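Peer 1: Got chain A sorted already, so can you dock chain B onto it with the hints?
In order, the protein sequence lines correspond to chains A and B. Sequential numbering from 1 applies to the first sequence in the numbering used here. Sequential numbering from 1001 applies to the second sequence in the numbering used here.
Note that these hints are calculated values from the structure, not bench results. It is possible that some hints are incorrect.
To be verified - Covered by chain A, per the in silico footprint, the following chain B stretches (three or more residues, Cβ under 8 Å):
| id | segment |
| --- | --- |
| 1 | 1112 to 1118 |
| 2 | 1236 to 1244 |
| 3 | 1283 to 1294 |
| 4 | 1299 to 1312 |
Treat the numbers as computed from the prediction; the structure is a model and nothing was measured. Where a beta carbon is used, it is the ideal one built from N, C-alpha and C, also for glycine.
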Amino acid sequence: MSQVIAAIGFGLVTASILSIASVGFTLQFGVTNVLNIAYGSVMISCAFVAYYFTTIGVPLILAAALGTAFGAVLSVLMNRVVYTPFIKRGTRLFGMIIVTISMGLIIQNAILCIVGPTFVALPVGSGAVRRLGSIVLTDSQLVVIGIAIAAMLGVHVVLKYTPLGKSMRAAASNAALARASGISVARVSDVAWGMSGALCGLAGVVLALNTASFQYTTGDEFLVVIIAAAVLGGIGYPYGAVIGSAIIGIGMEVASIAVGSSYKEIFAFAILVLVLLLRPQGIFADIAGRREVAA
Amino acid sequence: MNLAMQFYLTTLLVFLGVNVLACWGLNLQFGVAGVINFAFVVFQAIGAYTTAVLSMGPDTAYGGFQHYILGNKLPFPLPLLIGTAVGALLGLLLGMIGLRRLRSDYEAMVMLVVSVIATKFVTSDTGLLNGPAGLALIPHPLASTLGLAPIDYAWFYVGLVAVSCALCYVVVHRITNSPYGRMLRAMRENERAAVALGKNVAAMRLAVFAVGGGIAALSGGLLAGFIGAWSPGGWLYVETFTLFTAIIVGGMGSNLGAVVGALLVPVVFLEGTRFLPTIGSSEVMAGLQWIVIGLLAMAFLWFWPRGIVPERRSAYAPGELPSQGSHPALPLERHSS
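Next comes chain A alone, as it looks inside the complex (with noise of 0.2 Å):
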C-alpha cells in the first residue's frame, strides 16, 4: 500500500509536467484547429536552450525562462512563417499533420546536427527530501509541482478574466463568429501560438529538470503521453487537459509498479485507445464533438 501512496507522489511530478505540456498543447489545437505533431521536439528544443544558457554560466531560473521564451518565440515563427501559408494555400487536415511532422523532424534532427546523440543533463542538485507519509519527494519535484500550479494558475487567469482570454475562447469556440464580432482571429492565433509555445518551452524545461539525462528523442517520446492527455481530457478543452494529465501521470506511475516501469506508457496508450473507441470526443469535453473532431 505505501508503495502505492509512493508512486501517487512521484505520479503527481509527472502530472503536474505532463498538464503545462498538454494544455499548451490542447490550447494551441483548440483555437488555432492545427494538431502540431512538432511539439514535442520544439519542447526538446527548448531544453537544450537552457541548457546551452546554464553551460556559459547563466543562472538556472534565469536560463529556464529563457528556454521557455525560445518556445514561445519559436511557435510564433512556425506558425507565421510555416504553417499559416500552408493553411493560406489550401492545404487541409491531412496536409498539415504532414507540414508539422516535418517540421518536428527538422527542428530534432537539426538539434542532433548541432549536439549530436549525446545525452546532457541540467545542473540541478535535487535538493533535500521531504517526506509525507509514504510519499517521498525532492525539493526540485516540489519545485516542479510548484511551477506546474502557477502555470495552471495563469492560463486559468489569461482565459477568464482576460479580454485576450475571452477572445481565445471565442475563436475557439466558433471562429467565424469570433471573426464577425470583430475579434482579429490572426491576433488571437498569434497569441495562441505564444502561450502554447511558451507552455511547451516551460514543459520541456521541467521535463529536463525531473529526468536524469535528455537527448534529442526525448521531446517525441513524451509527445505519447501527452496526446493521451490532451484526448482523455477532449483534446482542445484546457480544463479537460488537466484532468486528463492527472489521470495519466498518477495513473502512469501506479501501473508502473504492477507491470513494470518501462511498461508504463503502454498505460497511456491502453487509456487512450478505450477513449477512442468508447468516447473520441473526450471525457469531459463537448467541444471536440462540436469541432467534428469525431462524428
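Peer 2: Quick look at chain B alone, frame taken from chain A:
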C-alpha cells in the same frame, strides 16, 4: 560488372522492390481510399518478425543467444505467406479503431501513437522478439536448397522480389481500376455521399486495411529474409513518414506514381546520399537525411500537391458523357432490375 558492384546493385534492386510493394500498399489505403494509416510500418514489422521466427526454428538453437516466441522451422513459402496473412489480420484489428470515424488529422495522430507504442512494446520485452537487439541470423529463404554462390543467390532474390511485385501489381491494379476502386475513391472524396449511395464504408475501410496490411507484411518479410536481421530501430514511425513522402512525391492515388516515389524517396534519398561526401559524423548525415525528407514533403505539398505522376482523373468533361449506345457491352438489363 565487378562483384562488389553487382552486390550493390542487387541490394538496391531488392530495396527498391520492397519499397515499391510498401508504397502500393500505402497508396491503396491512403492514396485511393483516403484511409490514413500512420502505423503502416508496424505492418511491415509484423510481417518481418513473423517470417523470421517461423523460419528460424526454436530459440534454443544457436546456443540460445536470442529469445523469441513461436520459433518454428517451416519450409520456404510458408513463413512469408503466414507473415502476409498475419499482417492482413492485424489490419482488420487496427482498422476497428479507425471505425470510430475521426477527423483525418486526428486519425493520423492516433495511428502515429500506435506506431510509437508498438516499437516501445517490442523494445521493452526482451523475451518477445529479442527486445532492442532484434533478431539476427534469419535464414535466407531457399539458400541451403539452392546452394548458389552468394552473388547468384542475390540475383535469385531480386527475381523473387520481382515476382512478388508482379503478383502484387495484379492485385492492386485490379482493385484500383475496378468499380470497387471507384467506390474507394468515392469514399475518399466524400464519405457521406458514399454512405448515402448505400455503400458499406466500414467494410471498405476494413478491406483496404487488410489488403494494404498484407502487402506491407509481405514487403517486410521479403526485406527481413534478404538482410537476415530485423530490429526495432528499423521500423520507427519516421519510416512510415518516408513512405508517405514517397506517395506524395509520386502522386497520391496513382500506382505508377507510387513506383516513382519509391524510386525517388527511399532509394535515392536514403541510399543515394551515401555517394555524397560525408559531412561530419554518420549521425549528422542521418540527421541531414531526415531534414531533407521533411523539406521534400513540404516542398511537394506546396508546389506540386498532386505529385509527379498525378492520379488520372476519371471524370468526364461536360458534354463528353458517354451515351449508352457507345457502350454496347454494358449489361443494360441489370439497371432495370
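Peer 1: Does each hint hold? Answer for all of them.
Peer 2: Each hint, compared with the structure:
| no. | hint | in the structure |
| --- | --- | --- |
| 1 | 1112 to 1118 | holds (count 5) |
| 2 | 1236 to 1244 | holds (count 3) |
| 3 | 1283 to 1294 | holds (count 9) |
| 4 | 1299 to 1312 | holds (count 3) |
In summary, the structure agrees with every hint in the numbered list given earlier.
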